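Those sequence lines, one after another, are chains A and B.
Using my numbering, the final residue of the first sequence is 106, and nothing's skipped along the way.
Using my numbering, the final residue of the second sequence is 185, and nothing's skipped along the way.
Bear in mind the hints are in silico, worked out from the structure with no lab data behind them.
These numbers come from a predicted model, not from an experiment.
For every residue, glycine included, the Cβ atom is placed at its ideal position computed from N, Cα and C.
The calculated BS3-like cross-link candidates involving lysine-lysine, where the alpha carbons are at most 27 Å apart (straight line), are:
1. K19(B) x K52(A)
2. K5(A) x K184(B)
3. K34(A) x K24(A)
4. K34(A) x K63(B)
5. K21(A) x K168(B)
6. K168(B) x K5(A)
7. K21(A) x K5(A)
8. K36(A) x K24(A)
9. K36(A) x K63(B)
10. K24(A) x K63(B)
11. K19(B) x K63(B)
12. K184(B) x K21(A)
13. K63(B) x K52(A)
14. K168(B) x K184(B)
15. K36(A) x K19(B)
16. K34(A) x K21(A)
17. K77(A) x K93(A)
18. K34(A) x K19(B)
19. K52(A) x K36(A)
Short, incomplete list of chain A residues facing chain B, as computed with Cβ under 8 Å:
20. L4
21. L12
22. R15
23. L20
24. K24
25. F29
26. L33
27. K34
28. I38
29. E40
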Amino acid sequence: MNDLKPNEVINLTDRLQTTLKQVKPRAEFVADLKRKLIRESRSGQPVQNEWKQTLTWIAIGAGSVIYIATLLFVSAKSAWWILSAVGALLGWKKAQQPQKQTARIK
Amino acid sequence: MLFKVKALSEESALVERAKNDAPAFGELYERYVTRIYNYVYYRTGNEHDAEDLTARVFMRAMKQLPNYTDRGLPFSAWLYRIAHNLVANWHRDESRRRVVPLEEHITHGLYTDAPEYVAEAREEERRLLEVIHHLPDERQQLLILKFVDQLSNAEIGAIMNRSEGAIKSLYHRTLLNLRDDLEKE
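Model the full structure from these sequences, guided by the hints.
Given below as structure tokens:
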């Protein structure tokens with residue numbers, strides 16, 4: 001392989017300079033891509049945040065529902081016990097009355 | 001020298017801001033879109049693929065920016081690496097599908113002279129572009145950075161992660177390669 005002569009270097013450099021010129025991308029393409037990038041960068045993070053927020057609200061909602069349900073269950077159960085106790089007491093008193101009357105007749 | 005150091009640190013600050021700030025990324029984009037587009041355009045030889053790949057370069061850069069670490073190299077070196085990888089994938093996929101002809105319009109719009117001169121000059125450019133397209137990747141990159149981006153050997157070295165001397169020697173070998181290939185045709 002022969003080394004390059006000075007005139008060959010000049011000739012090749014000239015040809016490269018004429019051929020490899022900067023081309024301008026279409027202005028429409030540049031603007032569209034910028035809009036797309038900004039939209040993408042903005043939509044990326046808020047979407048994650050939105051998901052986090054939604055999950056937080058779902059957790060809070062589910063927690064509240066479980067809490068209220070437990071409270072209702074506990075209070076209903078207590079009410080049931082109280083009513084049962086009252087009912088049992090009344091039933092016992094009623095059962096006692098006919099026995100007393102029979103004893104008097106005798 | 002001092003100016004370059006200042007410019008690099010200013011760029012690093014902008015890159016750091018761009019990690020969390022869309023307008024800062026927009027600024028980086030505007031700074032480099034033409035250079036990346038030109039690189040891809042000369043590597044693919046057509047406008048359509050150049051636009052598609054340029055868009056992919058910046059989309060990928062935006063997604064990977066949070067993982068970017070400043071190693072004292074220009075930010076463009078990182079962008080060129082992304083572009084280089086995407087172009088390499090594109091060439092691999094294209095070679096599986098078809099042989100890509102150099103698009104006519106790559107040499108359009110430069111002439112205002114007589115038609116016969118225009119035709120001859122176009123033919124010369126087409127031949128040279130074809131020879132350039134057959135050079136190894138790094139030599140193509142060197143020519144694009146040198147003639148399209150008009151960068152110095154030191155700047156090209158920073159982008160290609162080589163010393164200035166290595167770039168000079170690579171350029172010399174590239175010219176030899178070009179001369180021999182043009183003579184062969």
